[in-house]
Amino acid sequence: MSASLSSRRSFIKKMAASAAMTAAATMFPGIIFASEQLTGISNGSLDWKKGPCRFCGVGCGILVGIEEGKAVAVKGDPNSSVNKGLLCVKGYHQTMCIQAKDRLEYALVKKNGTYVKTPINEALDIVADKMKETIEKHGKDAVAMYTSGQSTIPEGYVASKFMKGAIGTNNLDCNARLCMASAVAGFLTTFGADEPMGCYEDFDHADYYVTWGNNMAEMHPVLFSRMLEQKNKRGARIIDFATRTTRSSMASNRSILFEPQTDLAVGNAICYEIVNNGWVNKTFVEKYCNFSKGLTQMGYGLEDKYKFSDKPTKINFEDYKTFLEDYTSEKVSKYSKVSVKDIKYLASIFGDPNKKVMSLWCMGVNQHTRGTWMNNIIYNIHLLTGKISQPGNGPFSLTGQPSACGTAREVGTFTHKLPKGVVMNPKHRELAAKIWKVPVERIPSKPTYHTTEMFRAVDRGDIKFIWTQAVNPLVSLPRTSRFRPGMKKKSCFVVVSDVFPTPTTDVADVILPASWHIEKSGLYGNSERRTQHWDKMVEGPGDTTPDAWMFIEVAKRMGYGDLFPYSRENHVEEIYNEYRQFHEGKKHGMAPLEVLKKQSGAIWPYVNGKSTQWRFNAKYDPACSNGEDFHFYGKPDGKAVVWQRPYEPAPELPDSEYPFWLNTGRVIEHWHTGSMTRRIPVLHKGMPHSYLEFHPDDAKALGIKNGEKIKVTSRRGSCIMPASINERGLPTKGQVFAPFFDENMLINDVTLDAFCPISKEPDFKKCAVKVEKV
Amino acid sequence: MPIKSYLAHPFDNKKEELQQALSLIKGCEIIPAENENVLVIVTETKNDEEDNKLKETIEKIESLKLLALVSGFNTPKK
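Protein chains in written order, with our numbering: chain H, 1 to 774; chain S, 1 to 78.
So that you can see chain H by itself, here it is in the shape it has in the complex:
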């Protein structure tokens, strides 16, 4: 089908207008453009194909307009309950990167220091030969794979089967370790089951949205617009609790700022107030909660080969109450810089039995050296008040990447994970071995390298072959100042699959040209447990190949062909149907592919043809079997755990030599390391480079003006970037902030590779730096 030029131009004008209105909606609460907003975009005569957005974990439904085999337009899918036809500025423009001039269309193999264009089959031969040779010479744990929360479900599944089932090594981890690992550890320790219990429909019911260190207006703009809509329509209130004033703060009813790392203490102070004001939902707590404490003073993982295992001990409510005595509002206010009044206000929101409250968080809580603890503390607040697993009442851990849930967490592309369960559990290994048709002994029982340690092992020379996909670690890892030279060492053969050149492809021995999102079929799983499928929409250029198919081709070349009996044309469907077997049952059943092809996704557990919107609540969740109203069936006794987790300081604090906190993050225009969005002209123009944000008082004291070049230095490295004062965001005094999307200004050369000892997720939000004019 084709559209006339005039109708197409008219369509594009409407799309441009929609993009601007969406951008405005993220800045102004409840903004109205009257009839223009309702009119939306006409269908035109393009051939529209449905799928999920390529970018964040919200998982908006998109419709891609195809004309003569090319993607020419994108609009929000009005049938998607996630976004109801809306998209953010990245979403509208996503397909514009495909035709970038420097697209990787053919394999490149480094020969005598120069990249040589190589047929894909030849390049895959080289990869397979090198991987096999490395295993023969150095053992199977000398090879590693590093994948992504942007890999599709079939890609993650094949990667896991290849590494753990075929080769027999747990050297598989993914970049979701950098964003969601603390959320996973939080869910598992508190509930024994990963991923949120609620869904996006919670937004339509909540009276309060408390955002914990979470700039949703820029990072989850479509969900933020749903909150703003409810704020405007029903008077729902947004409370922003953060270390920096952002667009989210400005659109909130109340912005409360805290000193970095003290969210732990404020969270406990909220619990103190709940307990001491009689706001505990006693019936709920007595029926459905246990109390535990774990080890403290765990360290921060700064040394290579650091190991930690928590040792939980059961306590009772009275023990917990005594522990909270250290966290009175008055005591916590002194070091958190949050007023007593604000702490009590926050507690009163949760304490009011007549108000429904959602907590929302993402990187601020997860990228934290006590990230698991912080997740636990937020759950404590909801468990103590019984505000959980009900429409509008619940803790909602937002995910960052489009399939961090679907691929990284559900398929399990972490070193310790299997598609169901963990490698440490013999029953889980037996199930995997049965479905994969491999001897159970081949799946190792011990996890090996989490992300930070994996790249430390590359630097040490312990890993001699690494293959990365849909990920750009030399921009996104903490402390890239160590890992870039590490990856360049001759001791490790580096294979990088990607769509565009990046600083990571710069160090590769072989670069494999990957298919982009709509050039292949796939499935993603979003933040609300929604699995979404899409069919291939356009042909990719040159030799571009889906990552899953490249794994399969290499596996075949290494002699594992019988384990990967899939067809090129239909491998996505065949793999998904195999994968579904892992999750059969009421607790995690996945929707059949034919259902996902018809509708804009389905939420698991998918039971008897129906999505489960609120888990653990017997009214909605068929897996509840204890005869009570709630059943936290992830734990053997059906009870969730209230954890005693203290405040402990960050590993590196500002001092006289390095007097500022450095916080890093993202901006609305760019997706992560910018390898896609910086190739979309309108987004690149909107935010052409990174910057270092100052509080105006700090800038004045240092004589720094807007745009002046500033060198920001830590004990690990430095980076030069222009100063930004009173622009996008406003850090608190004594703090600077930099987005990490810019490969020409590598702020992660400066950050610290400290991590949460339980989740192993690094903290990108806190380290000490000094600044000087250049």
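Be a bit skeptical, because a hint or two may be false.
[As the list claims (entries may be wrong)] Only pairs whose alpha carbons sit at most 30 Å apart, straight line, appear in this in silico DSS-like list of lysine-lysine:
| no. | chain 1 | residue 1 | chain 2 | residue 2 |
| --- | --- | --- | --- | --- |
| 1 | S | Lys14 | H | Lys101 |
| 2 | H | Lys117 | H | Lys137 |
| 3 | S | Lys60 | H | Lys14 |
| 4 | H | Lys13 | S | Lys26 |
| 5 | S | Lys65 | H | Lys733 |
| 6 | S | Lys65 | H | Lys700 |
| 7 | S | Lys46 | H | Lys70 |
| 8 | S | Lys14 | H | Lys13 |
| 9 | S | Lys53 | H | Lys490 |
| 10 | H | Lys705 | H | Lys770 |
| 11 | S | Lys15 | H | Lys231 |
| 12 | S | Lys55 | H | Lys14 |
| 13 | H | Lys14 | S | Lys14 |
| 14 | H | Lys446 | H | Lys305 |
| 15 | H | Lys101 | S | Lys15 |
Please keep in mind that the hints were generated in silico from the structure rather than gathered at the bench.
In this text the structure is predicted, and so the values were computed from the model without any measurement.
Model the placement of chain S on the given structure of chain H, informed by the hints.
Here is chain S on its own, set in the frame of chain H:
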């Protein structure tokens, strides 16, 4: 043939003045917000040169405080 959208922020109490000035410019469609001090502008021009000139014209309007580009598309001429 560039099509672009912008958010135009007027100075305080100058929204109507800005809307009036924009309505006189050819190739410029305006969608004012009903309840906020901002307007969406969609521009359509024949080529990049014309697009740059149009942008310069808009930026000269005295009631305009800030013009922020949101979206840009280029369509084939034929």
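For the pair supplied as a hint, S/Lys14 and H/Lys13, confirm whether the alpha-carbon distance does not exceed 30 Å.
holds (26 Å)
Within a Cα-Cα threshold of 30 Å, do S/Lys53 and H/Lys490 meet the stated pairing?
violated (53 Å)
Is the straight-line distance between the alpha-carbon of H/Lys14 and that of S/Lys14 30 Å or less?
holds (26 Å)
Hinted pair, alpha-carbon criterion (30 Å max): H/Lys117, H/Lys137. Please report holds or violated.
This hinted pair holds, its Cα atoms lying about 28 Å apart.
S/Lys14 and H/Lys101: Cα distance at most 30 Å?
With a Cα-Cα distance of about 43 Å, the restraint between S/Lys14 and H/Lys101 is violated, given a limit of 30 Å.
Does H/Lys705 pair with H/Lys770 here, judged by a C-alpha cut-off of 30 Å?
Since the Cα atoms of H/Lys705 and H/Lys770 sit roughly 17 Å apart, the hinted pair holds (cutoff 30 Å).
Straight-line alpha-carbon gap H/Lys13 to S/Lys26, limit 30 Å:
holds (15 Å)
If you draw a straight line from the CA of S/Lys15 to the CA of H/Lys231, is it 30 Å or shorter?
At roughly 25 Å apart (the allowed maximum being 30 Å), H/Lys231 and S/Lys15 satisfy the hint.
Hint consistency between H/Lys101 and S/Lys15 [alpha-carbon to alpha-carbon, up to 30 Å]:
violated (41 Å)
Please verify whether S/Lys65 and H/Lys700 have alpha carbons no more than 30 Å apart.
Holds, at roughly 24 Å.
Hint check: S/Lys60 vs H/Lys14, CA-CA at most 30 Å. Holds or violated?
Holds. S/Lys60 to H/Lys14 sits at ~26 Å (cutoff 30 Å).
Given hint H/Lys733 paired with S/Lys65 - CA-CA distance at most 30 Å
Satisfied, since the Cα-Cα distance of roughly 28 Å is no more than 30 Å.
Going down the numbered hints, you'll see the structure goes against 1, 9, 15, while the others check out.
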